[in-house]
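Engineer: Sequence:
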Amino acid sequence: MAETLEKKHERIMLRFDRAYSPQKEVREKCIEATRFARVPGGQWEGATAAGTKLDEQFEKYPKFEINKVATELNRIIAEYRNNRITVNFRPGDREASEELANKLNGLFRADYEETDGGEACDNAFDDAATGGFGCFRLTSMLVNEYDPMDDRQRIAIEPIYDPSRSVWFDPDAKKYDKSDALWAFCMYSLSPEKYEAEYGKKPPTSLDVTSMTSWEYNWFGADVIYIAKYYEVRKESVDVISYRHPITGEIATYDSDQVEDIEDELAIAGFQEVARRSVKRRRVYVSVVDGDGFLEKPRRIPGEHIPLIPVYGKRWFIDDIERVEGHIAKAMDPQRLYNLQVSMLADTAAQDPGQIPIVG
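Note that the UniProt record's numbering has the sequence shown beginning at 1, numbered continuously upward.
Hints were generated in silico from the structure; no laboratory data involved.
Just so it is clear, the structure is predicted and the values come from calculations on it, not from any experiment.
A couple of the hints might just be wrong.
[What the hints assert, rightly or not] 25 Å max Cα-Cα, derived BS3-like pairs, lysine-lysine:
#	residue 1	residue 2
1	K229	K24
2	K7	K314
3	K103	K178
4	K229	K178
5	K8	K202
6	K330	K53
7	K7	K175
8	K178	K202
9	K175	K24
10	K314	K330
11	K280	K8
12	K194	K297
Using the sequences and the accompanying hints, generate a full structural model.
Structural biologist: Shown next, in the form of structure tokens:
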């Protein structure tokens, strides 16, 4: 029996909770570290590694921030931008040519520069260096969307902002690049007005949410609605067909769904089928969901892997949970202690009309 949309949506929501639950605390630490380095007042938020709440115990002191961690972080980011990592294609065997490798290098540079490649990679590195986790996305776009006869597509590299809140992978995926992930989520937030304009349905605040009480994540708020692109890898049986030209001996191999579009061309060129085999092929589908149902039904996209590319500062698996950390995490407590000392000295100086302490 085919799975209904309601059952599919329920399965997707359960998968999201399965990805979100073990990573919730880890991602909160990433966000805390980012706020610590970048948001004014963030160094007096949260707690020390031992759990001491600074905003409660030291409320009476003036809260100065001498932000030394941001200086070191900016140096790391500047060094990366002066020595960016890039891709260089080269022949892997005798069948490949230097000319083809140079063409691929040119195509990659063009796609990288003409889309948001530079911004996407810089943003992902910044997030990884600061909080510990960054991400960017690969997608496809038409070369000329205004020409209905031109079906050519190009790769586009897009940034993902605030990935600690928005990107969630299959927890069974252990590889660094998540190439073994079978599903993943990329979340977005919308205002009720934009949600209604984009999807033509009432804002979720007016929906009956009783059916969603079992989900751990709160998809709907008074002023914001969360939606997600859900990527899923399916392993499907495909016939692989080989053709040979009887005169030249040239061999061409295609999937059965590709042959439907070029079968007449192969016949005219004189190619003959010589072999056929059924194999399992990875195919990726993407849909758009919210806490109530599907906003866009699943559709197939190019490629065999989920097009979300994670970037890490440091990464470990401890207690079967993926844990990440950026440059800021280990510097937070020393920075807090320094801020506290300066604030206490300033408070003492303000209250004592006599000698003024000098910080060297």
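Engineer: Hints first: check each against the structure and report whether it holds.
Structural biologist: Structure-based check of each hint:
1. Taking the CA atoms of K229 and K24, the gap is about 19 Å. The hint holds against a cut of 25 Å.
2. For the hint linking K7 to K314, the alpha-carbon distance of about 38 Å lies beyond 25 Å, and the restraint is violated.
3. Taking the CA atoms of K103 and K178, the gap is about 28 Å. The hint is violated against a cut of 25 Å.
4. Between K229 and K178, the direct Cα distance comes to roughly 17 Å. Compliance with the 25 Å bound is thereby established for this hinted pair.
5. The suggested pairing of K8 with K202 holds, with an alpha-carbon distance near 22 Å, which does not exceed 25 Å.
6. Among the hinted pairs, K330 with K53 is consistent with the structure: their alpha-carbon atoms are about 17 Å apart, no more than 25 Å.
7. At roughly 29 Å between alpha-carbon atoms, K7 and K175 are farther apart than 25 Å, so this suggested pair is violated.
8. Distance check on the hinted pair: K178 and K202 sit about 36 Å apart at the alpha-carbon level, beyond 25 Å; violated.
9. Between K175 and K24 the CA atoms are separated by roughly 20 Å; this keeps the pair inside 25 Å, and the hint holds.
10. Restraint check for K314 and K330: the C-alpha separation of about 12 Å stays at or below 25 Å, so the hint holds.
11. Of the pairs offered as hints, the one joining K280 and K8 holds, with about 23 Å between alpha carbons and a cut-off of 25 Å not exceeded.
12. In summary, the hint linking K194 to K297 is supported, as the alpha carbons are separated by about 20 Å, within the 25 Å threshold.
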